[in-house]
Amino acid sequence: MVSRYRVGSGDSGVKILLVLWAWHWRVLASLLPLFSPSEKCPENKPPCSFKEIDHCGRKKRCSGKMKCCKFNCAKKCVDPDEDVCSLPKEVGLCLAVIPRWWYNKETKSCSKFTYGGCAGNNNNFQSEAVCRSFCPDIHQFP
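Add 26 to the 1-based position in the sequence shown for this note's numbering, that's all there is to it.
Fair warning: there could be bad hints in the mix.
[What the hints assert, rightly or not] Below, a list of computed lysine to aspartate or glutamate pairs in the DMTMM-like style, where the Cα atoms sit at most 25 Å apart:
hint, residue 1, residue 2
1, K66, E108
2, K91, E78
3, K134, D107
Source of the hints: derived by calculation from the structure; they are not laboratory data.
Construct the complete structure from the given sequences, taking the supplied hints into account.
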């Protein structure tokens, strides 16, 4: 008697091989972040005044090499290889008027700016204290 699900026996064998191949690569892809040291989230836990809206999580994933991290008072998509404190100020695309802080690497200080409420980048902090905790190399004035 010939088994219906024997590997290599017509369509059934091809389907089983495809399922096993897809499962194998899915398992390997899920383990890959465990072995990549650059895939770490920032470890800073700032003194947040309030919890912000999460931008990612189980149902909303980050694209490309971005990683969903607890960052700057919310879960946000963060590039683990990117220095947030070196990013330029970005007011965003929307028209809200939200007072925020950004780190200016030229002056080595945190500066206030008005955030539009959407888009922009992660060099965008809810307070000067949070900005200072993420970017501690700040010029100290006498």
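Hints, one by one, checked against the model:
A distance of roughly 11 Å separates the Cα atoms of K66 and E108; the hinted pair therefore holds under the 25 Å criterion. A C-alpha spacing of about 23 Å is found between K91 and E78, which places the hinted pair at or below 25 Å, so the restraint holds. Distance hint between K134 and D107 is fulfilled; the C-alpha atoms sit about 21 Å from each other, no more than 25 Å.
Hint violations for this structure: none, all hints satisfied.
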